[in-house]
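In the order they appear, the protein sequences are chains A and B. Numbering (the numbering used here) for the first sequence: 1 to 253. Numbering (the numbering used here) for the second sequence: 1 to 245.
Hints are computed from structural coordinates only; laboratory data are not their basis. Where is the CB? At the ideal position from N, CA and C, for every residue including glycine. Hints may be right or wrong, so weigh each one.
[Claimed, not checked] Facing chain B, according to a computed beta carbon distance under 10 Å, are these residues of chain A, among others: (1) L19; (2) K31; (3) M34; (4) Q36; (5) N40; (6) I92; (7) F121; (8) Q122; (9) F130; (10) K135; (11) T136; (12) W226; (13) Y231; (14) G233.
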Amino acid sequence: MLIDWFTVGAQVVNFLILLVLLKIFLFDRIKQAMDQRENNIKERFDKAAEQKAAAQETQKTFEKKRQSLEDDRDARLKEADKEAKERRDSLIQEAQEEVDGLKKQWRKALEQEKASFFDGFQKKAARLIFDTVEKTLSHLADTRVQDQAVKKFLSRFEELDKADLPQKAETKPQVTTGFELSENQQKSIQKALSQKLPNLGNIAFEVRPELVFGIAVAAGGKKMTWHAHDYVGALEKQMDQAIERKDHEPEKQ
Amino acid sequence: MNFMDIKQITPDQVIFFQFHFITLNLTIVFTWAVMAVLVIGSWLITRQLSTDRQISAWQNIMEMLVTGIQDQISEISRQKATRYMPFIGTLFIFIAFCNLLTVVPGYESPTASLSTTAALAICVFISVPLFGIAQKGLGNYLKQYIQPTVFMLPFNIMGELSRTLALAVRLFGNIMSGSKIVAILLAIIPFVFPVILQLLGLLTGMIQAYIFAVLAMVYIASATQVQDQKQTDRKKNNTRSSRNN
């Protein structure tokens with residue numbers, strides 16, 4: 001017979017014993033270990049989630065701080081930029097004012113120098129012209145320029161209208177010349193003036209070298225002058241214009 | 001060293017000790033051996049289980065085995081596997097290990113004995129009503145024998161018996177025939193072919209262990225799910241009536 005009922009019974013018992021033993025030593029323990037590990041992993045995940053949340057919170061805080069710092073930086077940069085601009089404008093203004101001041105000073109100094117130059121020039125030129133003319137006339141025409149000047153003065157004085165003459169005679173009229181007048185010349189002048197101005201007193205003669213060969217008459221509150229400065233003045237004017245043109249020309253490289 | 005003669009069909013026929021009806025045969029001895037290996041092995045593996053991420057290879061294998069069985073039970077029963085795990089797990093591991101050890105020279109699988117397969121089938125036969133009654137009560141469990149009509153009672157009882165018999169005979173027939181074929185081939189052509197058939201026998205043994213365990217679970221699930229179906233139907237009826245009201 002293929003089946004032995006005692007063996008069947010014994011195998012049932014064996015199986016039940018094995019079932020109990022495997023439940024104790026295998027299934028329960030393995031299950032417990034797996035559950036424990038699952039719990040551990042779950043705890044780790046929970047902890048990681050908490051840490052992640054904390055990290056995100058920290059990140060937000062730092063992000064806010066960074067944003068705040070950036071805003072602050074932008075504001076400071078804007079302020080600094082504004083200050084720099086103001087400072088630059090102020091410096092430019094100051095520099096402009098300084099340049100203008102210097103320019104003004106320079107122009108003033110230049111004008112003074114120019115005036116001084118032309119003043120000297122006028123005198124020197126007049127003197128030079130006078131010397132040249134005198135020398136020329138002396139050599140070529142055997143005559144003195146002073147004599148010619150007095151002669152010319154007297155002829156011009158003769159030609160003056162009554163309206164141009166002083167209405168009331170000066171108690172002491174004055175004749176100023178750039179050169180020494182001879183006695184005859186003084187008399188000629190005295191005579192010519194007396195004819196035009198009847199109540200004229202004695203004339204006071206004065207020599208002022210800066211007049212060169214000019215003659216000036218001051219009488220009755222009026223002053224009449226004939227001198228070489230007018231001619232020199234025209235020369236001076238031309239030179240001034242030449243200098244002005246030179247100043248305005250662009251500088252050549 | 002072979003305990004069995006080629007003419008002996010089951011290891012029950014190799015008797016070491018006999019006193020009246022009490023016999024100590026090769027089936028019982030090898031069953032004890034397998035039990036000892038399984039219990040000692042389990043104890044050795046599970047005495048220092050790690051709950052960290054790093055686990056030993058043996059623990060890993062055991063966890064894979066337990067998880068695999070658990071998943072199979074859950075898939076078949078659509079219930080929590082915890083309750084059925086020790087029974088179904090022990091069935092599978094015992095049968096699989098009995099069949100795997102056939103590679104050991106001189107070993108005779110206890111599952112090649114009809115007594116053993118019958119004992120296992122009887123365990124299944126008894127466990128089905130036990131799980132069923134525990135799940136839905138005695139009355140409800142017994143009612144399923146008269147479903148859909150009372151005339152089905154004898155057929156249901158016959159079905160229970162025949163499937164138990166089928167369980168026992170299927171496993172016995174497969175394992176016994178495999179070992180007999182190998183033994184015959186060893187006598188006729190002692191080279192190559194027995195090894196191939198031995199390997200085939202291992203595969204068959206594993207498949208038979210799986211089939212036995214799955215069928216046992218299917219029987220238990222069929223006994224425990226009737227109640228669930230009825231409960232679902234009742235819930236549906238209650239929902240409908242409340243809507244109508």
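Using 10 Å as the Cβ threshold, decide whether F130 (chain A) counts as touching chain B. Since the shortest Cβ distance to chain B is 125 Å, the answer is violated.
Against chain B, with CB atoms and a cut of 10 Å, does the hint on T136 (chain A) hold up? Check failed: Cβ of T136 (chain A) comes no nearer than 130 Å to chain B, outside 10 Å.
Would the hint on K135 (chain A) be counted as holding, given a Cβ-Cβ threshold of 10 Å to chain B? At 129 Å from the nearest chain B Cβ, K135 (chain A) fails the 10 Å test, so the hint is violated.
Given G233 (chain A) was flagged as interface, is its beta-carbon under 10 Å from a beta-carbon of chain B? violated, 116 Å
Can you verify the interface hint for F121 (chain A): is its Cβ closer than 10 Å to any Cβ in chain B? With a closest approach of 111 Å, the F121 (chain A) hint is violated.
Report holds or violated for the interface hint on M34 (chain A), using the least CB-CB distance to chain B and a cut-off of 10 Å. holds, 6 Å
Status of the hint placing Y231 (chain A) at chain B (closest C-beta pair under 10 Å): violated, 121 Å
Evaluation of the interface hint that places I92 (chain A) against chain B, nearest CB under 10 Å: violated, 73 Å
Taking 10 Å as the limit, does the beta-carbon of Q36 (chain A) come near enough to a beta-carbon in chain B? holds, 4 Å
Classify the hint on K31 (chain A) as holds or violated, based on whether any CB of chain B lies nearer than 10 Å to its CB. holds, 7 Å
Let me know if the C-beta of W226 (chain A) comes in closer than 10 Å to any C-beta of chain B, holds or violated. This hint is violated: W226 (chain A) lies away from chain B, its Cβ roughly 129 Å from the closest one there, beyond 10 Å.
Does the nearest C-beta of chain B fall within a distance shorter than 10 Å of the C-beta of L19 (chain A)? holds, 4 Å
Hints 6, 7, 8, 9, 10, 11, 12, 13 and 14 from the earlier list are contradicted by this structure; the remaining hints agree with it.
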